[in-house]
Amino acid sequence: DTAVSQTPKYLVTQMGNDKSIKCEQNLGHDTMYWYKQDSKKFLKIMFSYNNKELIINETVPNRFSPKSPDKAHLNLHINSLELGDSAVYFCASSRSGTINEQFFGPGTRLTVL
Amino acid sequence: QKEVEQNSGPLSVPEGAIASLNCTYSDRVSQSFFWYRQYSGKSPELIMSIYSNGDKEDGRFTAQLNKASQYVSLLIRDSQPSDSATYLCAVNPYNAGNMLTFGGGTRLMVKP
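Taken in sequence, the protein lines are chains A and Z. FYI, the numbering for the first sequence is 1 to 113, going by the numbering used here. FYI, the numbering for the second sequence is 1 to 112, going by the numbering used here.
Incorrect hints may have been included.
[Stated by the list, open to error] Listed next, the in silico DSSO-like pairs over lysine-lysine satisfying Cα-Cα at most 30 Å (straight line):
#  : chain 1 : residue 1 : chain 2 : residue 2
1  : A       : K19       : Z       : K111
2  : Z       : K42       : Z       : K56
3  : A       : K9        : Z       : K56
4  : A       : K19       : A       : K44
5  : Z       : K42       : A       : K41
6  : Z       : K42       : A       : K44
7  : A       : K40       : Z       : K111
8  : A       : K71       : Z       : K67
9  : A       : K9        : Z       : K67
10 : A       : K41       : A       : K67
11 : A       : K71       : A       : K41
12 : A       : K40       : A       : K9
13 : A       : K40       : Z       : K67
Worth flagging that the hints you see were computed from the coordinates, not collected in a lab.
So here's chain Z without its partners, still in its complex pose (with noise of 0.2 Å):
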């Protein structure tokens, strides 16, 4: 079993819908989480952490995490052209230091 999984896609959504994109990791006892957006040709950029059960919002990104069920999503409301790129879950698992494990990420295609 992967570390951390990701749906490879592509995940195609309408401009405007709800994207959601899904991550679950192995490692129970890992404490922090993110989402990084990656353009094709470009490095990965941060855009969310969370470390608590329940919600984060930060504008159109809204962060998930379950522990319990060793689940973390992130939510694009009104989804623009602009946000079609490869989203990248990167997971700090216990005892690793300050090393992330990513998933292999997921492609978003949002179409006008």
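Next up, chain A with everything else stripped away, as it sits in the complex (with noise of 0.2 Å):
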């Protein structure tokens, strides 16, 4: 199936930990995405990025950080995780230039307790 996929779907985990959620595309797109959607169901862009540029939104803390081993993954790895990192993190894709419709992965539902 050509998709978004992530990996886990559910993470439980204590504060202070690290942990990460993988992501991985096979739409042949060359831009990803992390969002987070928090408990009122906000949705909110995290990062972008291609390979050739990353853009981080100024309001996420420097404790998140995207890691991409190549075009097909994006990974988001979180350090000392808190409560309010309690959410769920969507991953995207899309073929970078004017049309940029994005595709969603099914999402990982985080919880630190």
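These two chains come separately, so use the hints to put the complex back together.
Right under this line is the structure:
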């Protein structure tokens, strides 16, 4: 199936831990993103990344870092997890250019205890 | 002022009626606009994209864009209970690269 996939689907961890969420797309897209959807369902961009440029939303703490081994993967690493990091994290991808239709992965629900 | 604003709803319409969802945005030079549907517990799913003033139709969905008024809407004809979801408006502001700014979403309920 052509899609954007994420692992794990659920992640429960303790405050202070470091965790990673993986994302892969097989759509042939060259740009990938991470979004955070909080408990109020507000969806907010965290990062945009292609092989040329990383754009970081200025409100994202530097505990969050994207890591891209290749064009089809963009992982999200989070250091020193805090209670407020609990949310659903969505990966998305698109083809760069004037048409910026983004397709989302299934999401990872992160719960920090 | 929020960058992308939507009425949170819920918007309740009877089955078979037209549902009208509205969105306003603050960045006058925004270039592209998107409507996503999100079912509870699921990921956003792209329904429509629109870039030029006017209407764009796709099946039961029509997106309408008015850049002068900074307004984009989504009409759903012959609404079905399966259309019940949260509809997210997204805007690609100028100078934001490919990053989208989302509104808070409108919850639509279609009653049989």
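Hint by hint, here is what the structure shows:
no.: 1; hint: K19(A) to K111(Z); in the structure: violated, 42 Å
no.: 2; hint: K42(Z) to K56(Z); in the structure: holds, 26 Å
no.: 3; hint: K9(A) to K56(Z); in the structure: violated, 35 Å
no.: 4; hint: K19(A) to K44(A); in the structure: holds, 20 Å
no.: 5; hint: K42(Z) to K41(A); in the structure: holds, 11 Å
no.: 6; hint: K42(Z) to K44(A); in the structure: holds, 16 Å
no.: 7; hint: K40(A) to K111(Z); in the structure: holds, 24 Å
no.: 8; hint: K71(A) to K67(Z); in the structure: violated, 34 Å
no.: 9; hint: K9(A) to K67(Z); in the structure: violated, 39 Å
no.: 10; hint: K41(A) to K67(A); in the structure: holds, 25 Å
no.: 11; hint: K71(A) to K41(A); in the structure: holds, 29 Å
no.: 12; hint: K40(A) to K9(A); in the structure: holds, 19 Å
no.: 13; hint: K40(A) to K67(Z); in the structure: holds, 29 Å
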